[in-house]
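Go ahead and model the full structure; you've got the sequences and the hints to work with.
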Amino acid sequence: MSQAPGSTPAGDQHADVSDVSVGELMTNVMKDLSILVRQEVELAKAEMKAEAGKAAKGAGMLGGAGFAGYMVLLFLSLALWWGLANVMDQGWAALIVAAVWTVIGAVLYTTGRKAIRRVSPKPEQTIDTLQQVPGALKGERP
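8 is the number of the first residue of the sequence shown in our numbering; add one for each residue after it.
Everything labelled a hint here was simulated from the structure, so no lab data went into it. Note that the structure is a prediction, hence the values are computed from the model and not measured. Glycine included, C-beta positions come from ideal geometry on N, C-alpha and C. Treat the hints with care, since some could be wrong.
Only pairs whose alpha carbons sit at most 25 Å apart, straight line, appear in this in silico DSS-like list of lysine-lysine [stated by the list, open to error]: (1) K129 - K52; (2) K38 - K52; (3) K61 - K129; (4) K121 - K61; (5) K52 - K121; (6) K121 - K56; (7) K129 - K56.
Cβ-Cβ distance ranges computed for the label pairs, FRET-style [stated by the list, open to error]: (8) S25 - S127: 44 to 50 Å; (9) I123 - D26: 54 to 60 Å; (10) K52 - Q139: 16 to 22 Å; (11) S28 - K52: 33 to 39 Å; (12) E131 - R45: 18 to 24 Å.
Right under this line is the structure:
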């Protein structure tokens, strides 16, 4: 059974490259490296996009906490004003609204802070596979 130059039989682990020119080998190596680099760039993009989404969610929650803090100050100011002016009903209502905004702000702040802490700025999987490239070029297997 005849084989094309550079092809390997089914049971053979190493290719017979004795009939393949150095130029063809270099072309194949460069093509494989080009594909590898493109794949690694795409992997890095995907990882960074996922991490950016986590960061955006955390930032949004921190923004919500900031708005809630603003509302707390607004309603506490109104409560103090109405409380001093009327000493009864309207002031207590404003205090209840301010307390609700305080709870909402605390929940948003805590959740956003946890989300920000989970963000990893490094593309871990890409770094791991890139560390394997030098060994693969030497013919080592992971």
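Results of checking the hints against the structure:
1. K129 - K52: Holds. K129 to K52 sits at ~11 Å (cutoff 25 Å).
2. K38 - K52: holds (21 Å)
3. K61 - K129: holds (13 Å)
4. K121 - K61: Between K121 and K61 the Cα gap is close to 10 Å, so the pair holds against 25 Å.
5. K52 - K121: Within the cut-off at roughly 24 Å; holds.
6. K121 - K56: holds (19 Å)
7. K129 - K56: holds (11 Å)
8. S25 - S127: 44 to 50 Å: holds (47 Å)
9. I123 - D26: 54 to 60 Å: The hinted range 54 to 60 Å holds for I123 and D26, with Cβ atoms some 59 Å apart.
10. K52 - Q139: 16 to 22 Å: At roughly 19 Å between Cβ atoms, Q139 and K52 fall inside 16 to 22 Å, so the hint holds.
11. S28 - K52: 33 to 39 Å: Holds, since S28 and K52 (Cβ atoms, about 36 Å apart) stay within the stated range.
12. E131 - R45: 18 to 24 Å: holds (20 Å)
Checked against the numbered hints listed earlier, the structure breaks none of them; every hint is satisfied.
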